[in-house]
Amino acid sequence: MVTGATSLSMVRTELFATMADTQQCLEQFLEERDSGVLLQQAVTNLQQIKGILSVIELTGAELLAQEMQTLAMDIPAGADQDRNEQLTAINNALHVLRRYLEQLEANWIEMPELMLPAINKLRCASGQPKLPESFFFSAKLNFQHPEPSAQVVVEDWQQLARRLRQMYQVGLLSVLKEERVAASYELMKRALHRLDGIKHCEQNNFFWVAAAAFESMHDGKLLLKQSRKQLFSRIDREIKLHLANGGHTSPRGLLKDLLYLIALADSKGPLSTQVRTAASLPSLPFTDHMLADEYQRLSGPGTNVLRSLSVAIQEELSSVKDAVDLIERGTASFEQFSVLHVTVAKLEKILAMVGLSTASNALKNHLDKVIHWQAPEDVQVEELYKLADTVIYIEGLVLGLEHGQNVQVAEESEAEVFARHQLMEARIVVTEEAKAGLSLTKRAITAYFESSGDSAHLENIPVVLTNVRGGLQFIDEERAAHLVNACIDYIQNHMINAMDMPIEQALESLADALTSLEYYLEGGSLLNRKEERDVLDLAQESIQALGVQVQQ
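Under this note's numbering, residues 90 to 641 are what the sequence shown spells out, in order.
Think of the hints as simulated: they come from the structure by calculation, not from any bench.
A virtual CB, placed ideally from N, CA and C, is assigned to each residue, including glycine.
Take these hints with a grain of salt, some might be off.
[Claimed, not checked] DSS-like mimics (lysine-lysine), calculated; alpha carbons at most 27 Å apart, straight line:
#	residue 1	residue 2
1	K619	K475
2	K410	K329
3	K619	K266
4	K219	K357
5	K266	K139
6	K229	K410
7	K619	K318
8	K310	K229
[What the hints assert, rightly or not] Okay, the calculated beta carbon distance ranges per label pair:
#	residue 1	residue 2	range
9	R122	D478	51 to 57 Å
10	T366	T555	15 to 21 Å
11	L313	L415	47 to 53 Å
12	S96	V270	58 to 64 Å
13	S388	S98	21 to 27 Å
14	E471	D626	53 to 59 Å
15	D163	D626	48 to 54 Å
16	I439	R622	45 to 51 Å
17	A434	K357	47 to 53 Å
18	H378	E466	19 to 25 Å
19	A434	S388	41 to 47 Å
Given only the sequences and the hints, what does the whole structure look like? Please build it.
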């Protein structure tokens, strides 16, 4: 039996007719709330739709129909306004289902993942928990973790794990606020990778996979969705549970969610590559941004609606162009001047409504001027030409409709603006140089370790870090400068001038300090006072773990 997208044509007529009848029943029920017959007919239709989709084995579409049916069965005859949200959710889901099936007819590519947002909206409306992103994803969860080269036995492993959890939480807080996201991913990856390297923290691959997931989030530029923020918060709770009980095992579903992110990003990073190979992760036929764009098209207006909107906007644009032309010739009547402002205002609202915010904002900039145009002498030719340019620009945007900033000017003198700009530029240059110096130091330490303590790799590092310290002092970052100075002392006395190489755990603590300083510089003025203190405290704790005192 032929199933899937290729068999859709055989049932298309019946399926689409049943969906149309269901929408009509629900719309009538909104007007006739006591009609149990209409509601029962909608439920029967949804059951029939689910049955057809089950026969042709369209998994995602079938599950969407099932959720619609479940929600519809929960709505009683005589339902009041409180049920409007549920009725709207079913109607919207029918719209998404129709668009998805239309797309299948055109492309024959099944992507059940596209149904998940609509499924979860229905589940929320019925008070059920959302399905995870990885619901349709299959992965092997029992796979061999290659023994981490950095795995060591630590005498007070819980104290180290608490510090690493704090490092993770610092990054998590920024991610939840959507600030310095890329730098936060690196910090969180570092914390998890270090946890994976502690012998007492064997976690059935969990910390290893979680670190690879953050590498994938960063490299693949995956979207920061609410569901992913919740996933990252769950990781923090898992660290806490492991601290309380060293034998704690993380849920398999959580591991699957992380593996899905790694497969979705297809990162070439070392951790991600290791995990993909060990878990035999499949290559996915879509990207994160492709899914988001496709679902936006599915949930947006249909092709006919968009075409109608495009025609309506073109008509309004033609009216504006005609008025501009008459004004430019000096033959516009008083009525045409009045109509121009009304038309521009109307067009601006339409553009905002259909999501063309750039075009809407461009027109909005002209409204205050157009309202004062009552006669030819009120019009400045330059402003008229700018309006004409905007109309031409919008015409181009409207042609792509189917694919469907705010500048704050401070009241400062020119000299104040110039001075502030110069200071800001200086801070940016110094900060970038400092971050580059810290990054170079971390690479040198890695080379030093891999060469079994060849101090030649560290020869220039004291000079590099001295320059970093001087730059930080120049921009009044005294505490950060003292921390860098402590790193210089340790590298000089315990690595370059020492007979023996420090233990691996000490080198990791030094790298933790440098990573925390990098993160601090990445935050810049975005960090509030408490966040500044937390990040620098983290760096100081890492340095003190080396037995080095930091100047206060």
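Verification of the hints:
1. A hinted pair counts as satisfied when its Cα atoms are at most 27 Å apart, and K619 with K475 does not qualify at roughly 48 Å.
2. Restraint check for K410 and K329: the C-alpha separation of about 64 Å exceeds 27 Å, so the hint is violated.
3. Taking the CA atoms of K619 and K266, the gap is about 15 Å. The hint holds against a cut of 27 Å.
4. Restraint check: the Cα-Cα separation between K219 and K357 comes to about 31 Å, which exceeds 27 Å; the hinted pair is violated.
5. A distance of roughly 40 Å separates the Cα atoms of K266 and K139; the hinted pair therefore is violated under the 27 Å criterion.
6. Restraint check for K229 and K410: not satisfied, since their Cα atoms lie roughly 62 Å apart, outside the 27 Å limit.
7. For a cut-off of 27 Å, the pair hint linking K619 to K318 stands: about 22 Å separates their Cα positions.
8. The straight-line distance between the Cα atoms of K310 and K229 is roughly 25 Å, inside the 27 Å bound, and the hint therefore holds.
9. The hinted range of 51 to 57 Å is satisfied by R122 and D478, whose Cβ atoms lie roughly 52 Å apart.
10. Evaluation of the 15 to 21 Å hint for T366 and T555 yields a failure: the beta carbon distance comes to about 42 Å.
11. Judged by the Cβ atoms, the range 47 to 53 Å given for L313 and L415 holds: they are separated by roughly 50 Å.
12. At roughly 43 Å, the beta carbons of S96 and V270 sit outside the given window of 58 to 64 Å.
13. Take S388 and S98: their Cβ atoms lie about 24 Å apart, and the range 21 to 27 Å holds.
14. About 57 Å separates the C-beta atoms of E471 and D626, a value consistent with the hinted range of 53 to 59 Å.
15. Our hint of 48 to 54 Å for D163 and D626 holds, since their Cβ atoms are close to 51 Å apart.
16. In this structure the supplied range 45 to 51 Å holds for I439 paired with R622, their Cβ-Cβ distance being about 50 Å.
17. A hinted range of 47 to 53 Å for the beta carbons of A434 and K357 is consistent with their spacing of about 51 Å.
18. Between H378 and E466, the C-beta spacing of about 52 Å breaks the proposed range 19 to 25 Å.
19. Roughly 28 Å separates the CB atoms of A434 and S388, a value that falls outside the hinted 41 to 47 Å.
When held up to the earlier numbered hints, the structure conflicts with 1, 2, 4, 5, 6, 10, 12, 18, 19 and fits the remainder.
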